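Given chain A's structure and the hints, the job is docking chain B onto it.
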Amino acid sequence: MSASAKSWALHLGLIAVLFAAQFGLPSYHATNVSRIMVLAVFAMGYNIAFGYTGLLSLGHALFFAAGMYGMGLPIWTLSWAPIPALIAGLVAGGALAGLVGLLALRTAGVSFMIVTLMFAQAGYLTLLYLNTHTGGDEGFVVDSAARVIAGFDLSTDAPRYMAALILFATAMLICLWLVRSPFGRVMVAMRENEQRSRMLGYNPFRVKLTALVISGLYAGIAGAAYGMLFGYVGATFATIQYSILPMLYVLLGGAGTVIGPFLGALLMFYLIDITSGYTTAYLFVVGAALVVLVLFAPKGILGTIRERGLKWLP
Amino acid sequence: MTKELFGLTPSRRAILKGAGAGLLTAGFAAPVWSQSAPIKLGFQLHRTGIGAAYGRWYERTAQAALKVVNDAGGINGRPVEIVFEDDGTDPKRGAEVVEKLVSQAGCDLVFGPLFSHVVIGTAPRAAELKVPYLVCSEGYHVASGMLNRWTMQPGITDVHAQVSSMAPWVLANLGKKVTMVFPDYAFGHDHRDFFTAAVQANGGEVIAQIAIPPTETSFTRYLPQIPADTEVLYHVMVGPAVLTFVKELGEFYGSGPRPEIFGFIDSLEAVDTASPGLEFLEGTHFWEGHNRVKQADASEHETAYRAAVGVDDNGASLSDAKDVATYAHMFSVWETLHVIKAGMEASGYQSIADRQKFVEAVEAMSDMPASLAHVQGDKKFNGKTHQVFGHQFISKVEGGKLMRVHTTSLEDGMYEDAVDYTSQSF
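So the protein lines, in turn, are chains A and B.
FYI, the numbering for the first sequence is 1 to 314, going by this note's numbering.
FYI, the numbering for the second sequence is 1 to 426, going by this note's numbering.
Same shape as in the complex, but just chain A:
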């Protein structure tokens, strides 16, 4: 079997397994997997910026929240229908990423991390400051009537799971196409050696900005979908925690791998879910797990597997 065929088999197989899982999983875990699939889309977007292009951002919560509020506010204040609201969330994430990128990409490395962190913090405080229009720190509930698409009520379990799966599958296949496309190769070239890429005639600023906008589109649609599927929009999702989470998902699953973000989100979700039942220091356990990972498998789970055998893993 060719590398391409193996790759397609793996990714389509994952979608098939996730489709089948909804019929076998207990309801608690089925809902968890719905959440994980949406969070994995967020992490896939982060992976496009960090894993493939080498842009270590600490501000992706801003793009996730932009998508969430971009979807939620038009519903809350203007009674928009769900599809236009979701599109507004998608566009809000991408547009804000473009805007931040125009300024932040003048820096690199640690400076880029700090600048993106500052933008995200400014965004969070803006949500609090504009309390009257955003619901402030308390947030707001998305009207259940606005969570019905084509007769499917997204506040019920089966349609919600399918909506999350469709989003996840679409995002994953686009990501797979992207990283195997010529532009995807250029992204990796930027990550590996920016100077050499520039010598070859590529414009690093333009490539990185494009990657960041794509990353923002992923974060935006993930935020919009999370708000719509689970019925709540709140400023907590704009805090630093939600910038760090996708990074952890990507690091755990494997930066620069298409399935890595999903695997990382899945493992991290259940690591917190299970350990929090035993200790209040569950974040310490998460931290310890990451230290072990960085020491013994710095490329993450799938990155290590690719290094040691499955060279074809995209």
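No lab work stands behind these hints: they were computed from the structure.
Predicted model only: the values in this text are computed from it and were never measured.
Ideal placement from N, C-alpha and C gives every residue a C-beta, glycine not left out.
A hint or two may mislead.
Here are a few chain B residues that face chain A, going by a calculated C-beta distance under 7 angstroms [as the list claims (entries may be wrong)]:
no. : residue
1   : R47
2   : I50
3   : E99
4   : Q104
5   : H117
6   : G121
7   : P124
8   : E128
9   : A186
10  : N291
11  : Q295
Structure of chain B alone, referenced to chain A:
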């Protein structure tokens, strides 16, 4: 010395026998549970995160109330269990926790959260799961109509009523020109809006509103904004910043004249008012939802409650005088558990199929007389808005202790209904 009892003079042996028999009988009198499974109540607990100080005491209060309920025969003759699950004081995790409690642990209902963003983030999922969700949040989000028919707040008065009910006394006793200092986000804005409206309705005037950005760690540049003709300074800072705020306020006014000062105890929950640096609070006033310091006229129920939750007369843990309780709020957990008991018994609750009947039974409640079930005082529940209304207390710091000077009436806090949840479908 042996006293004659009813004409009999018992010997020491007889007394010992009697005491032994009494103990045995007491043992037999303990609830003998039938074979039926226990009622499982899920508790969404702020064990970690910014609500941890509250969570620690909410858990203790829930355990104490559980013991009282089980000692009195449980609910509908069945023992009661509480399953605690930490939500990290995070709305995303909150919704997951409710699902875990209901779907995994098999809880009949969920109760206990305090922080508004967690409640608002969780309530939609509770409604989707069609599980009663009884919050102890004091937020106005229940009665405002933002939430749903499955979400109720029967254990604590909301901030709208709390703030409004304070205004008449503050204006009549402390002054009519008010300057407000509050954090610049939703919690502070609730105070700003409700108190300003109540001040205007009672013939006073809010002459300045000073909003403090949530990232501030020092307040010296805001204090000069307090107008010189301020008669009452209303403050409601929260978190670690409150200690700095009070200290800097003291330095700002020094030993010179200062306005009367009125604050919300939220600023100092779990903080000893006699702490170094808080001397400036002497002679100032606070709202309290429940008097931290045991008052001279404390009822027998209040006394029993205080002992059950392990709090001394100063409002600190019996085992550690430095561990100050979140006393102004935690009674809500105790009272909510007793409302759950009353609601389940009124509806003849047997299984999760009766969840809707339970909600309807709570909605049918109205007067809640002061009792061991309602230790903070009598209350009135509004079934349409799913919100309870209770008395509020104004206390003055005297000798580092909060001593009550005023109790509001139930009517002081009541306002027009903004929603009728009973007209909504399940």
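Do the hints match the structure? See the list:
no., hint, verdict
1, R47, "holds, 6 angstroms"
2, I50, "violated, 11 angstroms"
3, E99, "holds, 6 angstroms"
4, Q104, "holds, 5 angstroms"
5, H117, "holds, 5 angstroms"
6, G121, "holds, 4 angstroms"
7, P124, "holds, 3 angstroms"
8, E128, "holds, 5 angstroms"
9, A186, "holds, 3 angstroms"
10, N291, "violated, 28 angstroms"
11, Q295, "violated, 33 angstroms"
In this structure, the earlier hints numbered 2, 10 and 11 are contradicted, and the remaining ones agree with it.
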